Amino acid sequence: MISLNDIHVTFGGGTPLETRAVRGISLTISEGEFVTVIGSNGSGKSTLLNTLSGEVILTRGNIKIGDQDVTRWATAQRAKLISRVFQDPLAGSCENLTIEENMALAWYRGQTMSYGAALNNKNRAIFKKQLARLGLGLENRLRDKMGLLSGGQRQAISLLMSALQPAKILLLDEHTAALDPKTAAFVLDLSCQIINENKLTALMVTHSMQQALEVGTRTIMLHEGKIVFDVSGEERKGLTIVDLLELFKKNQQGEVLSDDSLLLG
Amino acid sequence: MSTIAALGALESGLVFALVAFGVFMSFRILEFPDLTVDGSFPLGAAVSAIMIVSGVNPWLATIAAFGAGMLAGIVTAFMNTKLGILNLLASILTMIALYSINLRIMGKPNVALLGETTVLTPTESWGMPYYMATPLAFSVVVLVVFFFLLKFLNSQLGLAMRATGANARMARSQGIHTDRMIILGMAVSNGLVGLAGSLFAQSQGSADITMGVGVIVIGLASVIGGEAIISPKTMLFALVGCIVGSILYRFAIALALNADFIGLKAQDLNLITAILVAFAIVAPKMKASISSRFSRTKQ
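Those protein sequences? They're chains A and B, same order as listed. Throughout the first sequence, residue numbering follows this note's numbering, covering 1 to 265 in sequence. Throughout the second sequence, residue numbering follows this note's numbering, covering 1 to 299 in sequence.
It should be emphasised that the hints constitute simulated quantities derived from the structure, not laboratory data. It should be emphasised that the depicted structure is a prediction, and the values quoted were computed from it without experimental measurement. Just so you know, even glycine gets a beta-carbon here, dropped at the ideal spot from N, CA and C. Mixed in with the good hints there might be a few duds.
As the list claims (entries may be wrong) - Covered, in the sense of this in silico footprint (three residues per stretch, anywhere, with C-beta under 8 Å from a C-beta of chain B), are these stretches of chain A:
#1 73-80
#2 87-94
#3 227-233
Please build the complete structure, drawing on both the sequences and the hints.
Okay, structure coming up:
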């Protein structure tokens, strides 16, 4: 349903600083799949996500969502098909707008904005109900500015925002990386709940092999801009980190993976 | 202060409340430092003056001033969004270009409007002296603009524009075409300033090529001063703050100039403005640090 066909991304092509971030990735994601993406720093995980969201232009290849070729579409155009949670909680919401205004933005995602009032009793009630499930008391603080909240609270709200309107795919970009372990676990759990409830297709980039195996239905690993392995279904159940390391070694002809944060995270 | 001086301050305060609205939209809503206003203010005046002197209906002339201001804003926004020129620089370029354009429009540095039919001519039959009728007429204009702006800023489109200024990357991920928002916002902002220029020229009796110098500072003084007095918790408070700030600024200037013992003269106007604006920016911070010191000593 979402297919990336032989995509290449090169930054600064032809200059001494040329970086080939993605070197020929082809990936097909079916509806309802929850794919986790792991890889060491510089493997191209975030670039891959950014090509899907439209923030990075492909050097080669194309991307199709459903039947539509979205390769040339700008981020704003793709927004009705793609929703995203950023890694930095501060970048994923507007700190000078209130909680309800931020949620209203997500509520109108992908629609033509009209001159009608942005907030009304109907959508406020929906926002309140959604916020109540977080159990953080935020449903009583709809008119507080987003900037007053902590990173974890903002990330939780960003997650709720991403599911307010139906999207073909949800992109989670290391969204728990900036949070403390307890909050990270809470946000991850919430992510799984939301993905299950809304039957979303999701792509989650994570820096932790543990996390990548715990959640989702399929795991792919990137290394130096290519997919090194891709496991799902029966083969994936019961895999441990050690197994993943073996898989990596096998596919990379003996090269050993020594990224500590990937293994210990 | 005499009644006439006070009403004069009120009249200027109301015209420049429109400028404050414009500066609020660009500077606060879009986070776009916009110096175009130094050019779009006299542009509005020039366009209206030339049209009025040529016998065109003054209402049409005033609407044309709004349109001309919008064009100036669109040019700046275009240079920023499509040509990638830094926002401040783009606005300076437009402002400088407008100096020549305004001279071309007027044909000379000054166009007199005394004796011409302006939008204020009907107020002569209102049965009160001009120094009361004009502020009254301007309050109606300001109130109308205020209501339209408030409705707009609380609409979905207004929210999209506010998001563009608050966090453009996040706004794009929510499907907002941020380039279009910037162009729209700058158009409305400078349209309002052009309208203000037109009304100002019609009330003063002339359009002059230098009347735009320092408009950005007056606008910022009004917006920031207003925020110091009325905390901008919602769009309503923010817009009311613009009006209050603009009027208060004019009163502060009038008081400073009337206070003979200080010995200030009209040429000290810019110095007084600079001090007032600096004070308006620093005062809330001083207030906060004083009150936090009190709460510390209470413990």
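Numbers of unmet hints, in rising order: Of the numbered hints, just 3 does not hold.
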